[in-house]
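One letter stands for each residue in the lines below.
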Amino acid sequence: MTMIQVNFLIQICTRQKEQYLSLSLKLSEGYNLVGEPYNYLNTPPTKKPKISTTTDRNGGGGGGGGGGTDEPDLGDRNRTDTTPDPFVNMKCPNKEIEQYALLLATRFNHDFEGEEQILWPARKGDIWKAELVDAVFHIAMNLLTQSFVPRRFLLLVREIAMYEFSNHWKRVKSHLPNFKQRLVMLDLARCDEMIGSSPPIINQVMHTQYPLNRMISMFLNVSFLKGSSFNFS
Amino acid sequence: MWLDKEPKEVFEILGYPEDTDIVIDITYLLMNLVMGACHHIFDYTTNFWVNFGQIFMKDILNPMVDSW
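As you go down the protein sequences, you meet chains A and B in turn.
Residue 145 in my numbering sits at position 145 of the first sequence, and the numbers go up by one each step.
Numbering-wise, my numbering comes out as the position in the second sequence, counting from 1, plus 233.
It should be emphasised that the hints constitute simulated quantities derived from the structure, not laboratory data.
It is possible that some hints are incorrect.
What the hints assert, rightly or not - A short, non-exhaustive set of chain A residues, derived as facing chain B with CB atoms under 10 Å: (1) Leu132; (2) Val133; (3) Arg158.
Stated by the list, open to error - Simulated coverage check for chain A against chain B, where a stretch passes if three residues somewhere in it have a Cβ under 8 Å from a Cβ of chain B: (4) 159-173; (5) 184-197.
Everything numeric in this text was worked out from a predicted model, so none of it was measured.
Think of the CB as a built atom: it goes at the ideal place given N, C-alpha and C, for glycine as much as any other residue.
Bound conformation, chain A alone (with noise of 0.2 Å):
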């Protein structure tokens, strides 16, 4: 994932609900982002039969009726060309991102704000060390206030994580947790507990951390400094 697709991705967290409500549908239908549909199967398209005119020359009433109703259905098209949407504009930066196209409609399907992660390695073996990087980022969003870095993008870049690391392991050997590493485990749970329990910690941390706090806010925030819906406070 290169710093051109992460800005892709900010300027989708960044948007409006009904915008990425509207981009959602579009996944789910089946278009890619550029607009273009988007055969996940890769099956060849099929055309639709074209609709007869020859009843109406036949039949009588019945055949009335049904050139009444074709009509309007095309005065429907055409209204829905010309209105404006947001997303035909939008170009994809890269072709690789067509990849997590897939998994952003799982979650865009989904609550997109939910807290929970949807991917897991299918690996008994794999599962503490994607319970590692889970915490990981479960505490960051709660140490990380939504004015320095929003907290959909670390969602989706969690996803993100899960899914090419998941990829890699795969490929190893996987190995139930050391001693040591199980205790690294439950401490990080525990501190996860400790500061989704207690915000004025969190307060304490933001404070003794600036430094850190700041270099990673100018890493991400470079793409949307100009935009209106964030304050920065």
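For this one, chain A is given, so just place chain B on it according to the hints.
For chain B alone, kept in the frame of chain A given last:
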């Protein structure tokens, strides 16, 4: 919302190479933040969180970096 500048100029400003994987960089940054935060929350009593960084780097991030 879209950038006025082209992405190449953004890369020049940040000094960030195009070929690197940004997901691993973000996880590395967040791992450092979480390590410091947990060390602060546990009142600096244990020296345990160094192990967390080492284990996270050794088991998760370094094999990903090698597999590029």
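Outcome, coverage hint (the segment 184-197 of chain A, chain B; C-beta under 8 Å; three residues): As far as the segment 184-197 of chain A goes, the hint holds, because 6 residues have Cβ atoms under 8 Å from chain B.
Status of the hint placing Leu132/A at chain B (closest C-beta pair under 10 Å): The hint holds - Leu132/A has a Cβ within 10 Å of chain B, the shortest such distance being about 6 Å.
Evaluation of the interface hint that places Val133/A against chain B, nearest CB under 10 Å: Holds. Min distance 7 Å.
8 Å C-beta criterion, at least three residues: is the segment 159-173 of chain A covered by chain B: Result for this restraint: holds, n = 6.
Hint check: 10 Å Cβ-Cβ cutoff, Arg158/A to chain B: Constraint on Arg158/A satisfied, holds at 9 Å.
Comparing the model with each earlier hint shows no violations; every hint is respected.
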